[in-house]
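Sequences are here, hints too, so could you generate the full structure?
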Amino acid sequence: SIEGRSLKLNSAADVQPFVDSINAIHGLTEIRLSGNTFGVEAARAIAAALKDKHELRVIGFSDMFTGRLKDEIPLALDAFVEAFEDKVHLEVLDLSDNAFGPAGAKPLMKLLTNNRNIQILRLNNNGLGIEGGRLISEALVAAGDLNKKASTPSSLRVVVAGRNRLESKGAEYLSAAFRAHAETLREVRMPQNSIRPEGVTVLVEALATCSHLDTLDLQDNTFTQPGSEALARSLPSWPGLRVLNVGDCLLSAPGGLAVIQALTEAHTNLERLNLAFGEIDEAGAKIAADMLANKSKLESIELNGNAFKAESDVVQAIRDALRVHGHADALDELDEMDVESEDEEEGEEE
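Numbering (this note's numbering), first residue to last: -11 to 338.
Check the hints yourself; a few may be wrong.
Distance condition first, Cα-Cα at most 30 Å in a straight line; then the derived BS3-like pairs of lysine-lysine [as the list claims (entries may be wrong)]:
1. LYS98 with LYS137
2. LYS58 with LYS157
3. LYS41 with LYS94
4. LYS157 with LYS137
5. LYS58 with LYS(-4)
6. LYS98 with LYS136
7. LYS39 with LYS(-4)
8. LYS41 with LYS58
9. LYS137 with LYS94
10. LYS58 with LYS94
11. LYS285 with LYS274
12. LYS41 with LYS98
13. LYS137 with LYS39
14. LYS(-4) with LYS41
15. LYS94 with LYS157
16. LYS98 with LYS58
17. LYS297 with LYS285
18. LYS39 with LYS98
Across the chosen pairs, the derived CB separations fall in these ranges [claimed, not checked]:
19. ARG307 with HIS77: 40 to 50 Å
20. ALA316 with LYS39: 47 to 57 Å
21. ALA91 with SER284: 44 to 54 Å
22. SER139 with HIS313: 39 to 49 Å
23. SER(-1) with HIS313: 54 to 64 Å
Derived from the structure by calculation, the hints contain no laboratory data. Fair warning: this is a prediction, and the values are worked out from it, not measured in the lab. All residues carry an ideal CB built from backbone N, CA and C; glycine is no exception.
Written out as structure tokens, the structure reads:
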């Protein structure tokens, strides 16, 4: 690992000491190069050294191309793809925080289609956009088809694709990939992607086919009532859900109510729930207190920024419900509630 050393490595000579280190390690299982910047020649030299490291399990290649030209990055990725394509033990691929966009997604397609051993795929903050989302999805769907033909189960368990400007169309493309790996997917994180209600609906309907899903993070996308109601319809499909993050999603009062009601009967494994800044009103908060009755594992619930008063009876009921399970401090600070003060109301009446 040369993680986080802020090295600028341009030529094969620049990376020769690291190549020597790689060559010296028999049975290398992890390589972490994050937080340095690699030019094409440097990347090719590292890739060549990794080509015969068949025990590789973990590749930590986030934040590796800062300051590189757009046409350099795909060439560097090409070299790495060639090195990793045949690695049968590869489990974790992290390429987050590399602004490679659709041009970088293209070389990755070969890796994601042909190496069907990857369990954890982290593509956070890559500037994929709609087209990048389409390319990644196409590769994962192709991998799913190859799995079916070979009668082998998918390996994919975790997909992280936050902060990628996917928008609704990109989310719809990725929905096809989630359907293709529905039997094994356990965790999907796609926060901050400017996904609107129609995209949210397609996405959560696709994820409803993933019955083992235990973590869903869609923070800071726009649900409103249609997206929230689609989520509510999908929630019964995930009985083992542990983490649900739909904070900053403008759920709407009726939408928030629908989501809370859908969580009430079952979902006893829930550990973390974020419903902050969701326009949830007092009626929704009241149901939330009932919902918590069987949530003995819940360690964190975020309700800040919603449309009920922090000092109201419903908040006390929520705290009491949490206290029963020994989680009195699970509720976040309610210091930005979206309710008008009495002064504001009087001003309006005048």
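For each hint, the structure was consulted:
1. LYS98 with LYS137: Distance of about 18 Å is within 30 Å: holds.
2. LYS58 with LYS157: holds (24 Å)
3. LYS41 with LYS94: holds (24 Å)
4. LYS157 with LYS137: holds (28 Å)
5. LYS58 with LYS(-4): Holds: LYS58 and LYS(-4) sit about 16 Å apart, inside 30 Å.
6. LYS98 with LYS136: holds (18 Å)
7. LYS39 with LYS(-4): holds (23 Å)
8. LYS41 with LYS58: holds (29 Å)
9. LYS137 with LYS94: holds (24 Å)
10. LYS58 with LYS94: Status holds; Cα separation ~13 Å.
11. LYS285 with LYS274: holds (20 Å)
12. LYS41 with LYS98: The given pair, whose Cα atoms are some 19 Å apart, holds under the 30 Å limit.
13. LYS137 with LYS39: Holds. LYS137 to LYS39 sits at ~27 Å (cutoff 30 Å).
14. LYS(-4) with LYS41: holds (24 Å)
15. LYS94 with LYS157: holds (18 Å)
16. LYS98 with LYS58: holds (19 Å)
17. LYS297 with LYS285: Holds, because 26 Å separates the two Cα atoms, which is no more than 30 Å.
18. LYS39 with LYS98: holds (16 Å)
19. ARG307 with HIS77: 40 to 50 Å: holds (48 Å)
20. ALA316 with LYS39: 47 to 57 Å: holds (55 Å)
21. ALA91 with SER284: 44 to 54 Å: holds (49 Å)
22. SER139 with HIS313: 39 to 49 Å: holds (44 Å)
23. SER(-1) with HIS313: 54 to 64 Å: holds (59 Å)
In terms of the numbered hints stated before, the structure departs from none.
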